[in-house]
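Take a look at the letters that make up each chain.
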Amino acid sequence: MKPSDELLSIEKVTIHYETEDGIVHALNEISLTMKKGETLGLVGETGAGKTTLAKGILRLIPSPPGVIKQGRILFEGTDLLSLNENQMRAIRGNSISMIFQDPMTSLNPVMPVGDQIMEVVEAHTKNASKEEMYQQACDMLEMVGIPADRSHEYPHQFSGGMKQRVIIAIALACNPTLLIADEPTTALDVTIQAQVLDMITALKSRLNTAMLLITHDLGVVAQNCDRVAIMYAGQVIELGTLQDIFKRPQHPYTKGLLGSIPSLTKNVRRLSPIKGLMPDPTDLPPGCAFAPRCQYASDVCTRGVPAIYTLSDTHQVRCVLAEQEVNHE
Amino acid sequence: MNDTIKRPLLRVEHLKKYFHTNKGTLHAVDDVSFSIHKGETLGVVGESGCGKSTLGRTILRLHEPTDGKIFFEDQEVTGLDAHAMKALRRDMQIIFQDPFASLNPRMTVSETIGESLLIQKLFTRKQGVELRKRVTELMDFVGLSAKLVNSYPHELDGGRRQRIGIARVLALDPKFVVCDEPVSALDVSIQAQILNLMQDLQDELGLTYLFITHDLSVVKHLSNNIVVMYLGQMVEMAPSLVLFEKPLHPYTQALLSAIPVPDPDYAVDRVLLQGELTSPINPQPGCRFAKRCPYASEACTKHDIPLKEVAPGHFVACTLV
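Respectively, the protein sequence lines represent chains A and B.
Taking this note's numbering, I'd label the letters of the first sequence as residues 2 to 330.
Taking this note's numbering, I'd label the letters of the second sequence as residues 6 to 326.
What the hints contain is simulated information worked out from the structure, not anything from laboratory work.
Treat the numbers as computed from the prediction; the structure is a model and nothing was measured.
There are no misleading hints in this set.
In the DSBU-like style, the derived pairs of lysine-lysine whose C-alpha atoms are separated by at most 35 Å in a straight line are: (1) K256/A to K36/A; (2) K37/A to K248/A; (3) K138/B to K126/B; (4) K276/A to K43/B; (5) K256/A to K251/B; (6) K36/A to K248/A; (7) K251/B to K307/B; (8) K13/A to K256/A; (9) K11/B to K267/A; (10) K21/B to K74/B; (11) K37/A to K131/A; (12) K251/B to K180/B; (13) K21/B to K251/B; (14) K43/B to K267/A; (15) K256/A to K37/A; (16) K251/B to K248/A; (17) K152/B to K256/A; (18) K91/B to K43/B; (19) K256/A to K70/A; (20) K126/B to K74/B; (21) K296/B to K267/A; (22) K267/A to K180/B; (23) K21/B to K43/B; (24) K276/A to K138/B; (25) K138/B to K91/B; (26) K180/B to K152/B; (27) K21/B to K313/B; (28) K152/B to K276/A; (29) K56/A to K36/A; (30) K91/B to K152/B; (31) K276/A to K180/B; (32) K248/A to K56/A; (33) K267/A to K313/B; (34) K11/B to K126/B; (35) K91/B to K180/B; (36) K276/A to K13/A; (37) K267/A to K256/A; (38) K251/B to K267/A; (39) K91/B to K21/B.
Just need the whole structure built from these sequences, with the hints factored in.
In structure tokens form, the structure reads like this:
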């Protein structure tokens, strides 16, 4: 990757939540890069640290109990972790914006939707008149497929899919270079999910926005992303293109996830689930966090955290089995 | 299977459930008919608000039906009094969607599982030892470790809680179980564990399921037959494989094509629907899907469209077929 293409580079970020019950190891030296304009899917189960990573990028980790222990998050060359609160506010909503999971609770119930979009425009544009800003808000509504004459209506007058469109309009109002979408369609029905995802994809390619799409749905990833990162217990355990992950998965966890999904295209009599449960993030097992659930685990796995092995230009995996494979070849 | 010899376990005829609201009458379930044979699974799919959960609850008379009949083993369920209904509930049970809300937070695992046994007087409070033995058996059966017997729900994760919900149902040795989105609150790897468990139980105990879900890949995996609902009405019913290979109703087609398939090479020929679900309050006559349907014509909105059997076991309510 040419450095000029690089939009976001997360380098060995560790985030802990220090609670009374112990230290929650939410992110453990996670590293990840994103190119301009690309869509990266971030997949993992509940508690894998997906949302912590998203909030970490925007510096929205509640503190206390959240503590960013170490690492750098370079966005267009600037380390976001070194900025002060005012500088960070200029970035949030302007260059990086976020869509939250639940459209029902992310809008202000006592404010018309047009005003809510305008609020963002107002905060980030200087020297514009009220009329111009209101016009821009209306344009945004039209862009997400809502007639501008509904701009004076309140969130409760919209359905779930429409509310999510309003939230997308807010997120894209300042034409960000990076959009973080945290499970944007999980709360929606499939037909509405298809509408919303199609719209996000069309808008992001029109505006050339990069998107970090956080989801637990591998189907959504396969249909919408360029690359995929699989997360487990606060680390990226496998990273690759769609072909790498779906056709040549290397990590036993990735294979397990793919085996757990009932297939629409094939007839499988029995699913092959992953045994056991996610480890307790306050008490992670030594070495590879997946080892206790892994059918291929050996002594090596518990001795230390496996290194990242590069299988090809695009495909990386954090598993000792891959090391053996690389050495054999 | 020969239908003339084998009687269905459950038969639902023209079932209706209307709710009266300030804005008018909400047609949650509107004229639904089907039957399920012993040991089979009927999947019910549809989007939120289509009446699928209301259907499941009305069959168990957790909601009183507005009209229509329900037969369980040829006995009419709709006319039973409270006492007879309580006895029948041993045979008809329900697993709820949300394992976080459906368990009493102040009861331990063993109390929760044992409660139904006490209510149905299969054990008395004096038989503490026997009851405890039965509870441990059930826990073992659904894959819960015996050391959790005195745990409270908040100490357990979603998958384990759903296992309690299943054990509680199995305690009564039912014949028929309504499964109302039993896995939708769970992560995929846990979801697969629970689906496998439910399949094993069906094989071992000969259970009959009514499986309600919005996730079409889950129903395809489990069901013999599938009912597709839209705003309270059945729009299509077919054997599982037929429905996926040859969906005839435009809504079924759209629903199937909207599912994101976890395969990057899978080319989707998407039927993208315009608009959203309309309101089930005081619906107009005619096809309720017509407003979003790409093929809708005048004929669709004149009168209600009856279900038509296009092939054995394959029913569609559409003017096009």
